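Taking the hints into account, I'd like the entire structure generated from these sequences.
From first to last, the protein sequence lines stand for chains A and B. The letter at position 85 of the first sequence is residue 85 when you use my numbering, and the numbering goes up by one with no holes. The letter at position 261 of the second sequence is residue 631 when you use my numbering, and the numbering goes up by one with no holes.
If you are wondering where the hints come from, they were derived from the structure by calculation, not from laboratory data. Errors might be hidden in some of the hints.
A partial selection of chain A residues facing chain B, derived with a Cβ cut-off under 8 Å [said to hold, decoys possible]: (1) Gly138; (2) Leu181; (3) His338.
Pair by pair, the computed Cβ-Cβ distance ranges are [claimed, not checked]: (4) His645(B) to Gly226(A): 39 to 47 Å; (5) Asp382(B) to Glu217(A): 45 to 53 Å; (6) Asp320(A) to Lys547(B): 44 to 52 Å; (7) Gly75(A) to Gly483(B): 40 to 48 Å; (8) Pro608(B) to Lys65(A): 30 to 38 Å.
Computed from a prediction, not measured in an experiment: that's the story for all the values here. Yeah, the Cβ is synthetic: ideal placement off N, Cα and C, and Gly gets one too.
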Amino acid sequence: MTLTANQETPPPAVGRAGLKKELPEQFKDYRHVWVFIEVERENVHPVSFELLGEGRKLADKLGVKLAGVVLGPPGDATQHAIAEAFAYGADVAYLVEDPLLEDYRNEPFTKALTNLVATYQPEILLLGATTLGRDLAGSVATTLLTGLTADCTELDVDADGSLAATRPTFGGSLLCTIYTLNCRPQMATVRPRVMAMPQRMNKPVGCVIQHGVPMLEEEIVTKVLGFLSDVQSTNSNLAYADVVVGGGLGLGTSENLKLVKNLARVIGAEYGCSRPLVQKGWMPADRQIGQTGKTIRPKLYIAAGISGAIQHRVGVGGADLIVAINTDPNAPIFDFAHVGVVTDAIRFLPALTDVFTQRLSPHSRDKLAN
Amino acid sequence: MHVVVCIKQVPDSAQIRVHPVTNTIMRQGVPTIINPYDLFALEEALRLRDVHGGEVTALTMGPPMAEDSLRKALTYGADRAVLLTDRYFAGSDTLATSFALSQAIAKIGETFGAPDIVFTGKQTIDGDTAQVGPGIAKRLDLLQLTYVSKISSLDLDAREIKVDRRSEGGIQMLHGKLPCLITMLEGTNEIRRGSLDDALRAARSQIVKWSAADAGIEDLSKCGLRGSPTVVKRVFAPTARTEKAEQITTTDKALGDLADELIVEIFARQPALEHELAFDASA
Ligand SMILES: Cc1cc2nc3c(=O)[nH]c(=O)nc-3n(C[C@H](O)[C@H](O)[C@H](O)COP(=O)(O)OP(=O)(O)OC[C@H]3O[C@@H](n4cnc5c(N)ncnc54)[C@H](O)[C@@H]3O)c2cc1C
Numbered sequence: 001m002t003l004t005a006n007q008e009t010p011p012p013a014v015g016r017a018g019l020k021k022e023l024p025e026q027f028k029d030y031r032h033v034w035v036f037i038e039v040e041r042e043n044v045h046p047v048s049f050e051l052l053g054e055g056r057k058l059a060d061k062l063g064v065k066l067a068g069v070v071l072g073p074p075g076d077a078t079q080h081a082i083a084e085a086f087a088y089g090a091d092v093a094y095l096v097e098d099p100l101l102e103d104y105r106n107e108p109f110t111k112a113l114t115n116l117v118a119t120y121q122p123e124i125l126l127l128g129a130t131t132l133g134r135d136l137a138g139s140v141a142t143t144l145l146t147g148l149t150a151d152c153t154e155l156d157v158d159a160d161g162s163l164a165a166t167r168p169t170f171g172g173s174l175l176c177t178i179y180t181l182n183c184r185p186q187m188a189t190v191r192p193r194v195m196a197m198p199q200r201m202n203k204p205v206g207c208v209i210q211h212g213v214p215m216l217e218e219e220i221v222t223k224v225l226g227f228l229s230d231v232q233s234t235n236s237n238l239a240y241a242d243v244v245v246g247g248g249l250g251l252g253t254s255e256n257l258k259l260v261k262n263l264a265r266v267i268g269a270e271y272g273c274s275r276p277l278v279q280k281g282w283m284p285a286d287r288q289i290g291q292t293g294k295t296i297r298p299k300l301y302i303a304a305g306i307s308g309a310i311q312h313r314v315g316v317g318g319a320d321l322i323v324a325i326n327t328d329p330n331a332p333i334f335d336f337a338h339v340g341v342v343t344d345a346i347r348f349l350p351a352l353t354d355v356f357t358q359r360l361s362p363h364s365r366d367k368l369a370n
Numbered sequence: 371m372h373v374v375v376c377i378k379q380v381p382d383s384a385q386i387r388v389h390p391v392t393n394t395i396m397r398q399g400v401p402t403i404i405n406p407y408d409l410f411a412l413e414e415a416l417r418l419r420d421v422h423g424g425e426v427t428a429l430t431m432g433p434p435m436a437e438d439s440l441r442k443a444l445t446y447g448a449d450r451a452v453l454l455t456d457r458y459f460a461g462s463d464t465l466a467t468s469f470a471l472s473q474a475i476a477k478i479g480e481t482f483g484a485p486d487i488v489f490t491g492k493q494t495i496d497g498d499t500a501q502v503g504p505g506i507a508k509r510l511d512l513l514q515l516t517y518v519s520k521i522s523s524l525d526l527d528a529r530e531i532k533v534d535r536r537s538e539g540g541i542q543m544l545h546g547k548l549p550c551l552i553t554m555l556e557g558t559n560e561i562r563r564g565s566l567d568d569a570l571r572a573a574r575s576q577i578v579k580w581s582a583a584d585a586g587i588e589d590l591s592k593c594g595l596r597g598s599p600t601v602v603k604r605v606f607a608p609t610a611r612t613e614k615a616e617q618i619t620t621t622d623k624a625l626g627d628l629a630d631e632l633i634v635e636i637f638a639r640q641p642a643l644e645h646e647l648a649f650d651a652s653a
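Next up, the structure:
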């Protein structure tokens, strides 16, 4: 990416003219598409399956195999992750099972993954842009001195088989397509919920290739002292919710956020917000939707009092149906919402909540009352 | 104790232009700020210094005008500022950036004392990659602690540090050794205003300006475009959808009727939802 330390016009002396086009000899045998299957505290992060769906398309275009890579301690969780990787489309699985990989720590994970890559030489390596995935991807790419494109929204293979990775830049106001020309593997991370979840298949488990970590516990500086699980893990709920209600500055006061929460409760939705609400301390950061918050992919997104700035838009573009409530008929959100209601959200949200409540099945209404 | 904080000057707004020929970003005329995430790192560094003594060095790689950000870091209370600037750095991707910064940090270590901790923000608001921190750590072979929400203890004699680190499902409590690199999570501390003394000192301070050669970088092929394995092929604006939202307006309609109309519209477009939300269509 040409984003750092950029001067007005790049001086010709260091321009791209001299860049080698030909892939160096040592990378010519790099083949196949790998997806890192993220297992943390025994759970597979769903982004891994989304990536397998995307990886499948790339592998098919290139005519190569799709592999899932599982790192973890010996036990059921890793075995389960392998089975799931096959069910979501992997042809092969690479497995590094070692007690060193019990909890996520950068050192043994980086060592295990770079070692696998150096041994089996994939041409493309995809990871989720989660806290774990980003921590690991940065170290692995630097160790291998290869290119890494962060937070991609689109992946494709061009005519000569290079990975074309498209990502938003400058807060989402622009998109750029990035290539890793002379190095392998071509690495990319993708945020959860940006790619669609593929169909799960009932497929027998395929070929599993086992590998070790060339490391001892004594060589690892980091020790895990404990883990404090999020009591209500709002994190994943918002990203994976089918229905989301979002509130923006148009709601006027933090008090009015209860209008959003009420509607969400009645229709069994998750709620989120635009960034200024987090900055004002009205909502916790993990409820923020958008470029610097969560990407959502619900069947229905109701945005109340949100203008629809580009940074918000990139987080909701994957929603099937976007309903916007805004007093300003020219608000940018109406450019990408499917249904718009031009009205005062503060008055309209209670009315909407009421009508929804009336339409609830008696069963749901009872449940809500309790 | 010596703490180095990497900061970046970024455009303040989304109003940026793209060079029509080179497809690189043109920053002229766009107001700049210190990357907001880096301020949490800077504040954390200043707090550690206030408690444990020592010095904080702010470092940035960027064009000459990035000096503004460093001066600002000095007004917040940083003791020293280093600007790494050279046309050879133009067009650096994260790998090339981490190389240049790591070389500068090594030079800072030789010149002003080895850092015990290197801080960066979680990510930048223009690049958004979160890769430069881990890149620097790897280049300098430092222990890497990312997404840190709290430094719970620091023992300089024993060279030990304990931190809370945000992971997807909770907080991981980690024990590590110095020297280390920490990427700081946002919202973890209250950024100070900076005193009048600091402002006066900042105005008088000399900013250390290093070229690639000054920083001891011999291999220029690892810098800038040449040192960047990633290449931007195309920069473009997101395609706008052509059809606008179908608007329902309030004029002469009661809010309840409007709500009814909206719900009918929602279920017409997403029939599955009616079932999933356990709504009784006949009610
Ligand atoms: C680098 C960067 C990253 C960013 N990341 C994000 C991000 O992740 N997520 C995000 O959301 N933003 C992000 N932003 C901020 C973004 O640019 C906008 O500032 C933000 O989304 C605006 O929030 P808003 O729509 O709630 O507020 P405003 O822009 O103030 O809009 C309020 C809207 O409410 C309407 N309104 C007012 N009163 C009422 C009423 N009574 N009823 C109904 N409507 C009413 C107004 O017409 C207006 O359209 C980012 C910005 C930058 C620079």
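(Q) Check the structure against each numbered hint from earlier and tell me which ones fail, lowest number first. (A) The structure conflicts with no hint, since it agrees with every one listed earlier.
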